[in-house]
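*Asks:* Letter by letter, the chains look like this.
Protein chains: 2
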Amino acid sequence: MLINVPETVVADALRGMAAAYPDLTVDVENRVIVRRDAPVAGQVALVSGGGSGHEPLHGGFVGPGMLSAACPGEVFTSPVPDQMARAAAAVDSGAGVLFIVKNYTGDVLNFDMAAELAEDEGIQVAKVLVNDDVAVTDSLYTAGRRGTGATLFVEKIAGAAAAEGQPLERVEAIGRQVNEGSRSFGVALSACTTPAKGTPTFELPDGELELGIGIHGEPGRERRPMMTSGEIADFAVNAILEDMPPRSPVLVLVNGMGATPLLELFGFNAEVQRVLRERGVAVARTLVGNYVTSLDMAGASVTLCQTDEELLRLWDAPVKTPALRWGM
Amino acid sequence: MLINVPETVVADALRGMAAAYPDLTVDVENRVIVRRDAPVAGQVALVSGGGSGHEPLHGGFVGPGMLSAACPGEVFTSPVPDQMARAAAAVDSGAGVLFIVKNYTGDVLNFDMAAELAEDEGIQVAKVLVNDDVAVTDSLYTAGRRGTGATLFVEKIAGAAAAEGQPLERVEAIGRQVNEGSRSFGVALSACTTPAKGTPTFELPDGELELGIGIHGEPGRERRPMMTSGEIADFAVNAILEDMPPRSPVLVLVNGMGATPLLELFGFNAEVQRVLRERGVAVARTLVGNYVTSLDMAGASVTLCQTDEELLRLWDAPVKTPALRWGM
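These protein sequence lines map, in sequence, to chains A and B.
Just so you know, the UniProt record's numbering puts 9 at position 9 of the first sequence, and the rest follows in order with no gaps.
Just so you know, the UniProt record's numbering puts 208 at position 208 of the second sequence, and the rest follows in order with no gaps.
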């Protein structure tokens, strides 16, 4: 691993982000990443966070049109309530704060406590829980479904609504709509290695893959001998469509888990698009890249999000963050 | 690997790019990626290309403000002259075409032949050779120094000059200036696996790293027991500064080889910035991410580019490509 010592991995990364992104204010000690111009008068602020190891999620999504602040925890470990409350205080303009929370037990509890802390300080708080992963219910770290790729859609689309000056209850409603219309399915071709452990977090023999993997290497649905890119796309997309037959054109996220080359990811996208075409699903927009990763895991996930005219307009709205940027 | 069969990896990826980027015209059969609005009247066109496996280089850099077209070869194999000549014909507006060529023997020969083909068709062609890697001279595929991370700087800055309507000889001169003022050094923490071979292209035992690695896994300067991120930054930056003590603020590219998590890459950037500070080198801009990759290789490279007011202005100019986008 390209690290100093496991104990400083997150702080080191925050120092490196601070140097790379002058538009962000990075509080390395308190582990809060804030857009430099926050609070923005008249706008609802969006705060998210979660364990580190999923970069660019969430810190790479801080900026105009998306998150106001992000709180990174230790690797694969929820940030603490103090971080989130501090972030909320830093970005609240008086219009309120929306917490975007991936559905993992630690994150849910800590964001709940942070909401109480923030409300004690007079900050109005709403929450959107992201739980898009159709692979399993009640996994290693989750009651209910896990939150994965849809987080990007929620943060982008709710962020665009906030940037338009829409009120907190509306931004929250849009975030919920995005989550409710989103489904994901992921596969692992290799395990990932956390800095603290230094060895793979689970065993996945060469020549096998895990279908329905989580973003922390939590077990999926089943393990099989290696499949082709086309077979994996069939399995993943069908798993999503069984759960949610889309009633409208979809946003497609073909997301790399970290170590899968972009060359392979684009090939996988071709197969995902083929399956969608065969199943009669119209595609509105497609995003391909490493956005919700799992350290050095090889593999990919597919997320589909149902759109309507309003959501599509908000998706296309300008955004300026380290990892997602267009229109400004 | 997330593929169908090795034989279709490049074609599959091109189909996937076509689906993801409506602003690009992707000719899958002839393997040419062109910006949709080409040729652009009054503008010099930039064409680059090289073996696949380095994505997003080069196809991800096609668009306004950067490349007009890219030609992907087979994995780690030069594209053929016909591809480049076809690309030149597709994008030439009459203002001429600049070929940007990484210094590998196959690429150099094939771009030379392509230039002759294009000139036979009445297209004015100039070339910039990129050879920024200070690690070794005369490597496995190269006479002289290898072309690596500086390619991004040349393509971006020369692309901005072309977008301003500067004439071919000026765009060429700017590209040369960028290359001559750029130096790179890379390290590998693991080997990479090509689809055709299916096993690592070289042996790099756990707990060792290769200093001065090439982007195809060509041997570097030496192999050592694992070093810390800080030690690697010291070694890489010092190797560059020994070769080129910068006389002006630099652009910094901290580039991932493919499989190194962004979390680690940001931590590495913090150490690179520390070394530059200690050595008294002023930093104008920093870019961190996976831009010039080597399939699933773990590792990173550092590229420094000397700037002046003009180069910095061109670096900051708007660009709209899949992998690099700002200001529009």
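Since the hints were derived computationally from the structure, they do not count as laboratory data.
C-beta: ideal position from N, C-alpha, C; glycine also.
Be aware that one or more of the hints could be misleading.
Covered stretches of chain A, going by a simulated chain B footprint (3 or more residues, C-beta under 8 Å) [to be verified]:
1) 97-104
2) 164-176
3) 211-225
4) 261-267
5) 278-290
Here are the computed distance ranges between Cβ atoms for each label pair [said to hold, decoys possible]:
6) A:144 <-> B:11: 39 to 45 Å
7) B:164 <-> A:247: 55 to 61 Å
8) A:198 <-> B:312: 37 to 43 Å
9) A:308 <-> B:313: 38 to 44 Å
10) A:164 <-> B:327: 17 to 23 Å
11) B:279 <-> A:277: 29 to 35 Å
12) B:309 <-> A:226: 52 to 58 Å
13) A:277 <-> B:222: 47 to 53 Å
14) B:105 <-> A:247: 52 to 58 Å
15) B:312 <-> A:5: 34 to 40 Å
Partial chain B-side listing against chain A, Cβ under 10 Å, derived [said to hold, decoys possible]:
16) 4
17) 80
18) 82
19) 93
20) 254
21) 263
22) 270
23) 274
24) 278
25) 296
*Asks:* Hints first: check each against the structure and report whether it holds.
*Replies:* Now for the hints, and whether the structure bears them out:
1. Using a Cβ-Cβ cut-off of 8 Å, 0 residues of the region 97-104 of chain A lie near chain B, which falls short of the minimum of three, so the contact claim is violated.
2. Counting residues of the region 164-176 of chain A whose beta carbon lies closer than 8 Å to any beta carbon of chain B gives 0, which falls short of the minimum of three for the stated coverage.
3. Taking a C-beta to C-beta cut-off of 8 Å, the region 211-225 of chain A contributes 0 residues in contact with chain B, too few for the three needed, and the coverage statement is violated.
4. For the region 261-267 of chain A, the stated coverage by chain B holds: 7 residues have a C-beta nearer than 8 Å to a C-beta of that chain, and at least 3 were required.
5. Coverage of the region 278-290 of chain A by chain B holds in this model, with 5 residues showing a Cβ closer than 8 Å to a Cβ of that chain against a need of three.
6. Distance hint check: the CB atoms of residue 144 of chain A and residue 11 of chain B are about 41 Å apart, consistent with the given range 39 to 45 Å.
7. The hint said 55 to 61 Å for the Cβ distance between residue 164 of chain B and residue 247 of chain A, and at roughly 47 Å that hint is violated.
8. Take residue 198 of chain A and residue 312 of chain B: their Cβ atoms lie about 41 Å apart, and the range 37 to 43 Å holds.
9. For residue 308 of chain A and residue 313 of chain B, the hinted distance range of 38 to 44 Å is satisfied, since their beta carbons lie about 42 Å from each other.
10. Range check, residue 164 of chain A to residue 327 of chain B: Cβ separation about 22 Å, and the 17 to 23 Å hint holds.
11. In this structure, residue 279 of chain B and residue 277 of chain A break the distance hint of 29 to 35 Å, their C-beta atoms being roughly 54 Å apart.
12. The hinted window of 52 to 58 Å between residue 309 of chain B and residue 226 of chain A holds, with their beta carbons roughly 53 Å apart.
13. Remark: the range hint 47 to 53 Å for residue 277 of chain A to residue 222 of chain B is upheld by a beta-carbon distance near 51 Å.
14. For residue 105 of chain B and residue 247 of chain A, the hinted distance range of 52 to 58 Å is satisfied, since their beta carbons lie about 55 Å from each other.
15. The hinted range of 34 to 40 Å is satisfied by residue 312 of chain B and residue 5 of chain A, whose Cβ atoms lie roughly 36 Å apart.
16. Checking residue 4 of chain B against chain A: minimum C-beta separation of about 5 Å stays under 10 Å; hint holds.
17. The interface hint given for residue 80 of chain B is broken, as the beta carbon of that residue sits about 19 Å from the closest beta carbon of chain A, more than 10 Å.
18. Taking 10 Å as the C-beta cut-off, the interface hint given for residue 82 of chain B is violated, the closest approach to chain A being about 22 Å.
19. With 10 Å as the threshold, the beta carbon of residue 93 of chain B stays out of range of chain A, its nearest partner Cβ sitting at about 26 Å, so the hint is violated.
20. With a cut of 10 Å, the hint placing residue 254 of chain B at the interface with chain A holds, because the nearest CB-to-CB distance is about 8 Å.
21. Interface restraint check: residue 263 of chain B against chain A, minimum CB-CB distance 5 Å, threshold 10 Å, status holds.
22. A cut of 10 Å between beta carbons decides the hint on residue 270 of chain B: the least distance to chain A is about 4 Å, and the hint holds.
23. The criterion of a C-beta within 10 Å of any C-beta in chain A is met by residue 274 of chain B, whose closest approach is roughly 9 Å, and the hint holds.
24. Nearest Cβ of chain A to the Cβ of residue 278 of chain B: about 14 Å, over the 10 Å cut. The hint is violated.
25. Look at residue 296 of chain B: its Cβ gets to within about 5 Å of chain A, closer than 10 Å, so that hint holds up.
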